[in-house]
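Visitor: Listed below are the residues making up each chain.
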Amino acid sequence: MSSQLHGTQTFDKSKRAELKFSDEAMATVQKIKSSYPEGKQKSALLPVLHIAQAEFGGWLSPETMDYVAAVLAIQPIEVFEVASFYTMYNLKPVGKCVLEVCQTSSCWLNGAEDIVNYIEKKLNIKVGETTKDGMFTLKVVECLGSCGTAPMLQCGASYHENLTYDKIDSLLETYRTESRQRNYTDLDYKNTL
Amino acid sequence: MGKKLLIHNDHLPNIHTLEVYRANGGYASVEKALKTMSPDQVTDEVKKSGLRGRGGAGFPTGMKWSFLAKPEGVPRYLVCNADESEPGTFKDRYLMEKIPHALIEGMITSSYALGAKVSYIYIRGEYFYVARIVEAAIAEAYAAGWLGKNILGTEFSHDCYVQVGGGAYICGEETALLESLEGKRGNPRIKPPFPAVAGLWGCPTVVNNVETIAAVCPIVNMGGEEYAKIGIGKSTGTKLISASGHINKPGVYEIELGIPVEEFIYSDAYCGGIRNGKKLKAVVAGGSSVPILPADLILTTAKGEPRLMTYESLADGGFQTGTMLGSGGFIVMDEDTSIVKNLFTFTRFYHHESCGQCSPCREGTGWMEKILKKFLNGTATESDVDLLWDIQSKIEGKTICPLGEAAAWPVAAAIRHFKHEFLEIARSKKFIDISHYERLNLIRA
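For the record, the sequence lines run as chains G and W. Residue 103 in this note's numbering sits at position 103 of the first sequence; the count goes up by one each step and never skips. Residue 428 in this note's numbering sits at position 428 of the second sequence; the count goes up by one each step and never skips.
Rather than coming from a laboratory, the hints here were simulated on the basis of the structure. Treat the hints with care, as some may be off.
Derived BS3-like pairs: lysine-lysine, alpha-carbon spacing no greater than 27 Å straight-line [said to hold, decoys possible]:
#, chain 1, residue 1, chain 2, residue 2
1, W, K35, G, K40
2, W, K229, G, K42
3, W, K184, G, K121
4, W, K48, W, K35
5, G, K40, W, K48
6, W, K70, W, K98
7, W, K430, W, K419
8, G, K15, G, K42
9, W, K149, W, K35
10, G, K33, W, K149
11, G, K139, W, K184
12, W, K184, G, K42
13, G, K15, G, K33
14, W, K70, G, K42
15, W, K303, W, K373
16, W, K117, G, K126
17, G, K126, W, K430
18, G, K31, W, K149
19, G, K40, W, K184
20, W, K341, W, K429
21, G, K31, G, K190
22, G, K190, W, K32
23, G, K31, G, K42
24, G, K40, W, K70
25, W, K4, G, K31
26, G, K42, W, K191
27, W, K3, W, K32
28, W, K70, W, K35
29, W, K184, G, K92
30, G, K126, W, K370
31, W, K191, G, K31
32, G, K121, W, K70
33, G, K126, W, K374
34, W, K370, W, K4
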């Protein structure tokens, strides 16, 4: 992988050398690999990137992508071209809790813009920014399949639906108190369908 | 209320578990198919049922299955398309979350018909928790012998796996889905060859929607002919409709194909009418891609007949006065809705989701979004309406996959039926959005 990936990110060999999946994560990776025929381990790339993102700080650094390439015995560029195509992989550092507010039709019809404005004011950040304490990143996303329970936001594995300002208040309070990184791979998901 | 075949048990506590699902007649189609029918007989029943793909295209499922190439010594695959991403659609999520075994049962029965020893369920990444639920159900099915080697003591063995995506609408297109399943960017493939000949890893593959596969269970249980008695004409059986927008009762409803659109919108059994006593303005009947229709045309056809919830009736009048059933993503808008702004959310969506392979789609969706933005900030001119029309007409039919059409159709329909709204903004040089939180009940829980 080139030393200068994009923007200001550089490749740090010593950081790369330190990267290693936990035993639990590695067991999951092996299980995922075994669901594909011999020689087709590249198919595991998307799910393995989710695990890597959760394991290594909530985003995919150049070092992390290089490590995933080694784990799956593919070229680093094959990892980067996939990581940069799909929206769920963060190629820049993010806060512990990434708030993804859906803004497409049904959510817009039900006040998604007001939800975004409310969170912006409450956290004193704009869409795309992270709070100074590194706790929250605010994003807007396209349809998450929660149109009947709009407006909604996703944070990690959890869907928070039928949002009101009160619900957002208590959600942010809980997240701030628990103060842990929220991942798509979390097992303790919440949903309200 | 009409007949329900897919989610009739969704109210039962713990219906997501194998125990409760089985106790309520679950896995009967696997028993019937494996013990009393040949694979071709199962396909025949699906053909007789008239089942059409429930993901949006509405292609006859039995015919799709019959195209599957069966060369000796080459594995065949069944892939379930659970990449539900069409704005307005959330029925597959509901089905998988509430009754995951209905999908797994369908996967086994369908795989038996197709001769697939391995199948994959590709679930959109955002539905990670849904994937967990389906995976837990698969584990239960293995433990009880419904999956694995020699199912029910027969020669048929089957393995079923879940793969999560990474966030990309385009992966709902079946060849993009296969690329993604192979660990690549979701760029749709040029067809032919179709997946039935060269699909997953170059092997013959059938890709079906979640609801389509789940519908195979009742078809095998009751027989294709019985299933075909439900519905009207070529719209047979039941369909899950995701209802959202300005209605009193948003949610997932299973309908018998053929009920009047008016009943669906106003009956308390379904949407329960328009919220806050407002009047109906427009409906997007089958997910964001299908043409929007104004209230009069969604309730009655141009010929003055009541519009029905069928593939044919919704399409009556072509795109001039009709629309499509699509995925069943039914978005209802009240009298205060700005059609221009709603269109902007759709167009921004398609621009965001274009994979970038074909210039007409990659560039065209971006141009359309930019022009619509001019309407929202009051800088658009009357000629921008013509420009918008011109661009959409140059995307349709000129791309590898149907995302081009999906992006063009909503623009064309909005201009066709609501041109006055565009012109009004262009003439007055201002856009006023009258939706606000007091009306939307965001303040109290």
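Visitor: For every hint, state whether the structure bears it out.
Guide: Evaluated hints:
1. W:K35 - G:K40: violated, 34 Å
2. W:K229 - G:K42: With a Cα-Cα distance of about 46 Å, the restraint between K229 (chain W) and K42 (chain G) is violated, given a limit of 27 Å.
3. W:K184 - G:K121: violated, 39 Å
4. W:K48 - W:K35: Holds, at about 20 Å.
5. G:K40 - W:K48: Cα-Cα ~37 Å, so violated.
6. W:K70 - W:K98: violated, 35 Å
7. W:K430 - W:K419: holds, 16 Å
8. G:K15 - G:K42: holds, 24 Å
9. W:K149 - W:K35: Judged against 27 Å, a Cα distance of about 15 Å means the pair holds.
10. G:K33 - W:K149: holds, 20 Å
11. G:K139 - W:K184: Between K139 (chain G) and K184 (chain W) the Cα gap is close to 25 Å, so the pair holds against 27 Å.
12. W:K184 - G:K42: This hinted pair holds, its Cα atoms lying about 8 Å apart.
13. G:K15 - G:K33: The hint holds at about 25 Å.
14. W:K70 - G:K42: OK: K70 (chain W) and K42 (chain G) at ~26 Å, within 27 Å.
15. W:K303 - W:K373: Not OK: K303 (chain W) and K373 (chain W) at ~36 Å, beyond 27 Å, violated.
16. W:K117 - G:K126: Violated. K117 (chain W) to K126 (chain G) sits at ~50 Å, over the 27 Å cutoff.
17. G:K126 - W:K430: holds, 25 Å
18. G:K31 - W:K149: holds, 18 Å
19. G:K40 - W:K184: Measuring from Cα to Cα gives roughly 12 Å; hence the hint holds.
20. W:K341 - W:K429: holds, 15 Å
21. G:K31 - G:K190: holds, 25 Å
22. G:K190 - W:K32: violated, 37 Å
23. G:K31 - G:K42: holds, 14 Å
24. G:K40 - W:K70: holds, 21 Å
25. W:K4 - G:K31: Given pair K4 (chain W), K31 (chain G) is violated - Cα atoms ~37 Å apart, limit 27 Å.
26. G:K42 - W:K191: holds, 23 Å
27. W:K3 - W:K32: Holds: K3 (chain W) and K32 (chain W) sit about 22 Å apart, inside 27 Å.
28. W:K70 - W:K35: holds, 22 Å
29. W:K184 - G:K92: holds, 21 Å
30. G:K126 - W:K370: holds, 21 Å
31. W:K191 - G:K31: Violated - the C-alpha atoms of K31 (chain G) and K191 (chain W) are around 33 Å apart, more than 27 Å.
32. G:K121 - W:K70: violated, 60 Å
33. G:K126 - W:K374: holds, 22 Å
34. W:K370 - W:K4: Violated. K370 (chain W) to K4 (chain W) sits at ~44 Å, over the 27 Å cutoff.
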